[in-house]
Every structure is written in C-alpha cells, then in structure tokens.
Amino acid sequence: MMLQTNRFSAPAVFNAKKRMRLVVGIMLLAPLLITGRLCYLQLFRHEEYLSKAERAIYNSLAEDRLRGGIYDVNGHSLAESVRTHSCGIVKRYVKDKDATITFLSETLGISKNEINKKWNNAKNFFFVAKKIKPDVYMQLAAVRRKALGQGMELTPEYERIHPFGKSALDLLGEANSKNVGLSGIEQMYNEELTQDISKKRARRSARGEVIYDRHLKEKINVGNVYLTIDQTAQFYAERALKNAVEKNSPERAVALVQDPNTGNILAAASYPQKDGQSLAFQFTYEPGSTFKSIVIATAIDSGKLAPNASIYMEGRNWEVAKGFIVRDKQHNKDFLSLAEILQLSSNIGAGKVALEIGPKTLFSYFKAFGFGSKTDINFNGESKGSVSPYNTWTKVDLATKGYGYGVAVTPIQLITAYSAIANGGYLMQPHLVDRIEYTGGKVDKKAKPVKIRRVISEETSKTMRALLQTVVEVGSGKRAQIKGYNVAGKTGTAEKLSKEGGYAKRQHVVSFCGMVPATKPQFTILVILDNPAVYAFGSTAAAPVFKEIAEPLLVMKGVAPDQLDFE
Amino acid sequence: MKIFIAVVCVIGWFFLITVVHVGVFRSGRMVSKLQQEVEIKEARNQYEELEISRLSNPEEVTTYAEKQLGFVQAKPHEVIVLDEQK
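Listed in order, the protein sequences are those of chains A and B.
Each residue of the first sequence is one higher than the one before, starting from 1 at the first, in our numbering.
Each residue of the second sequence is one higher than the one before, starting from 568 at the first, in our numbering.
Cut-off 35 angstroms, straight-line C-alpha distance, at most; resulting in silico cross-link-like pairs (DSBU-like, lysine-lysine):
hint, chain 1, residue 1, chain 2, residue 2
1, A, Lys146, B, Lys608
2, A, Lys95, B, Lys608
3, A, Lys123, B, Lys600
4, A, Lys112, A, Lys95
5, A, Lys451, A, Lys374
6, A, Lys118, B, Lys608
7, A, Lys130, B, Lys600
8, A, Lys146, B, Lys600
9, A, Lys130, A, Lys146
Since the hints were made in silico from the structure, they are not lab data.
Kindly generate the complete structure, drawing on both the sequences and the hints.
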C-alpha cells in the first residue's frame, strides 16, 4: 500500500507545482496585460484621455468676470453689477414638456403661450427668461436635479444697475451682461473695474456641482471707481438744464460745475443724453463773448492795458479792414472802460483790445489758458478745440478772436480757464475720477489738485473777478444775481457758422460762465445752449440757468454769503 | 507574520486616506452649497441696498418733498451757516 502511495504521490506533487506555475502565470498575465495596456494608453493616447479626465473632473467657476461699482465722490452708488441668471431650455432633454412649461410659466410669470411660441420657433435651445432675480432663481434651482428640471439650463449673468436712473449716464456709459464696459467711464476704466476669473478650475462632483477647496478662493482684486461728481450737484445741474431745454428747445445743451480750487468736476450734464458721450468734453464751439474775459485778462496781465484804460469806440462802426465792419448797437458811448466792454459786451472794445495785445502775446496766453490742447481729463473722445498759429492771423482774425470768433473751444477748456481767473491765476488739472479703491484695500488717488501753471497773476485774477462782478451787477449778466452773494461772470451769444459759408443770423450758441461767491469762488459754472429754437441770448436764457444751479449748490455746501448788507 | 502586519498596515493606510478624502469631498460639497446660498443672499441684499439708494436719490426725495409734502427749497441767503470752529 505504502509503495503504491509513494508511487502515485510523486506525479501529484509534480501536478501541483505545474498548476501553481500555471496559476501564477495566469495571475501575472493579467497585470502584464494591464501594464501593457497602460503603457499603450500612456504613450499613444495620453492627450485624448487627459482631456476626457479634465472634462469629467473639473469645471470652470460659474462667475466669469467680476466688476466693481462706480460711485460719486461721497460713495453713492451710480452703477453696480448684480448677479442674475438666465434660464434656457434644451428641448431634447426635457422629459415632460407640459409640466415643465407650466412650472416655468408659474415661476417666471410668463404666459404659457409665450413659452410655447418660443418652443416652437427654436430648433433645440431657447432662452425662456433673462436677468432672473435671486428669489426666482432659488425656486428654479430647487428643481434642477428633479425630472421637472431636466433640460433646464441656468446660466449666470450680470445686470448693471443704475440706482439713480439716467442721471450721469453720459459720463458713466454702458457695461453689458458679461460685465464688459462698452462706453464712457465703464469702458475707460474697464481694466481697473473687472477681474476675469473664468480660467479658475474647480473640481466637480458626478452631478456637476462645484466642490469647494481652499485653492479655489481667488484673491479678488476688483476696483471701485469713485468720481469727483457729487450726485446732488449733478441732480441740480440736470434739473436746471432740463428746465432750460423745455423753455428754449436747443439742439444741444451743457451744464458744467467745477471746483476752481481743485479742478474737480462736480457735475456735468448734457442734452441730448447719450450713453458714454458727454458734450462737456466732446462739444466744440465758438465761445463768442464769454471769451472776452480771457482777452481782457490777457491785456491786463501782459501790461498792454491798465485796468482803468478806455477804448475809443470809433462811432460804434469800426472798419477793421476794408469791407469788414464791426458794429456796437447796444450803447451810445464814445469811450468804454474795460469794465464797460465786459458789461455791455462790446465787440468793438474787445476787438480793439486784441489788436493792442498783438497776435504773439494773445496766442501765448490762449495756449497758457489751455485752449487748443486736450485737458487730459481722460475722457474718451475729448476734443482739443482749435486755435490756429498766430503767424497765420490777419488783422481781422486778431480782432474777431478778441470777441470769441475764429477759435473753437470745448466746455471743459472754457470752464478751466475761468477757474484760473477764480482761483488766483492757476490753471488747474481738471479731474473726473477722484480715486479707485481696490477690494484688497489699496487706494489709488487720482484727483490730487495739480497746478499746471500760473496763467495770470494774483492781482490780475482779483481785478478780473471785480470786473466780471460788475457784469452781473449792472451788465448783461443781471439774471445770474443771487441774493446775499457776489457773482462774477460773462454772458455769450455767438452766431453759428452757416453751412453756406459765413455766419447764420438766426442760429446762435448762448452761454454764461461765472463763479460764486466772487470774493472767494467755490464754484465755477458754465451753461451752454446750442441753437435754441426760441430766439434767446446768453443774458436771458443761460444766466438764469447758472442761478438755478448755483443757489442749491450754495445751500448744499453751506457757503456763507459774501455780501454784508443784502437784507 | 511580519508580512501580514505590513500588508494590514498598508491596507489600513489606504483605507484611512480614502476615508479622509471622502470626508474632504463631502465637506467641499457642503461648503460649495453653502457658498451658493451665501451668494444668492448677498445678491438679494445687494438688490435691497440698491433699492434704498434709488429711494434716497436726490431726484426722488426732492420730487416727494416738493410735490407730496409741499416743501420749498430754501434760498442760500435764508440759511444760517454756523462756523464749525467756533
């Protein structure tokens, strides 16, 4: 028996070993095949599977671009982005069409017919609603994972909200639902206002939800732009301009308020109002009589004429050159002082003063006051106006420039020049943006008062304010008088260039530029009405608008009266 | 025996890592959900704040004061300005 057992046990051991090797071989074969396959995938199909894995595991963050707000100087919001959603339907994924349409109709407040109409017109995808508010979004998001929400797509988008309605929209401009600035301040400061975070990847679950991890928290560094505009001043300027437009029906109108001591623009209203297009910086016109102040200031400051000088009126019919006659119909005087030239707005007086100054000196003062070059206020489309080189001027050119013809200026140039008269003689850099505050706490101050240059002396500035004060007290600017305050300013009524050549007799630009209180000016205000339908003058149409803007501004800023006996 | 303990340790280690990962993922999902809620509430709050801004707009206030309450804007000379330094 033993022998028998021994005889048969040997082959049994052999079989076991063989089987073991076979099993090990099979067991090794599987990893070998897997390894081989992995090598193949890694070496030859690496890119394909990498992108598949990326798509399966990662997702872009929902918000694609954050955008800061635009505020007035006191922090009142003028434009802000609010996150909303749009709701779209992918038809082929919808399980129960009727139930889905009923649900959407009830939740979004849109009629079933309207949704059905969109459904029938769309090939596969259509938007049911856009700019969905958070509360409604919550209701829609709640059913997204249920059968009712199959085929429903909720995409984040932004709504740019202007809490003050259309106020200052010509300055602010527009931003679209993707938070990209299209015009005005929105476009000019697009880089500072936005942060693109769409490239930030987030891990996602099988259901598509974003899984939070600490690397996901991006350092937000969006800027909020604070303008020098004071919303209350802007409202007063817009309201006064609206009233003036209703009364005079001009083609265009501008009201501009500046702080003469800092150069900051406090209000800039335009009519007609177009998003991102402010006439305060883009409109060019011949200033007419408001320019006489610049010419008289030049004559006094350059020493060509003394403040008490008198100018002969040539019988109120002055032949500057053969065939070119300038007439003064508004007075009967043979001589006018510089004050009277301004009060009566004498073209003969201002023209003769320009001749006294001479072209070279007058041109250099024009340039020093900032005419013929951009103010660098940094607003898109700012015009530089036009002042031709003095060596091309004829005697007639020189005389006409004396009363504001033959030069083209922008409202911002003229008000900044008047501010130089108001502040003691310095041309200040005008500012529209006060500061940019970043979410990280960094503040980039933009509106530091910068004196570009001294244009006229302190003494000339004082004399000019006194002369311009008489214009409002006894001259053409009487309608700008404000009880308790000394006002200095100058009216302007300029004929417009005709398309047929020469000047059109019935088309005018009427304006008033002034400062208040004249003894220590806090505001410089310019009002322009371009081609009023109603026959009007700077004294009758523009000066009252100045008053309408200045009065509430003085109350708002608590500026004390500078007249002692006004009761 | 040593090999057995080593294998158990390795398996235990992997199990622990898996448990921690699952925990992290769960928390991540929870945080994500909460964050979404916060965002919605923040957006709702922003709407409310903007509505307050709209209602405190000078145009709204002035129109209401003048037309509803019959107020009249004071002239600057009627306002007494107190010197803050005194």
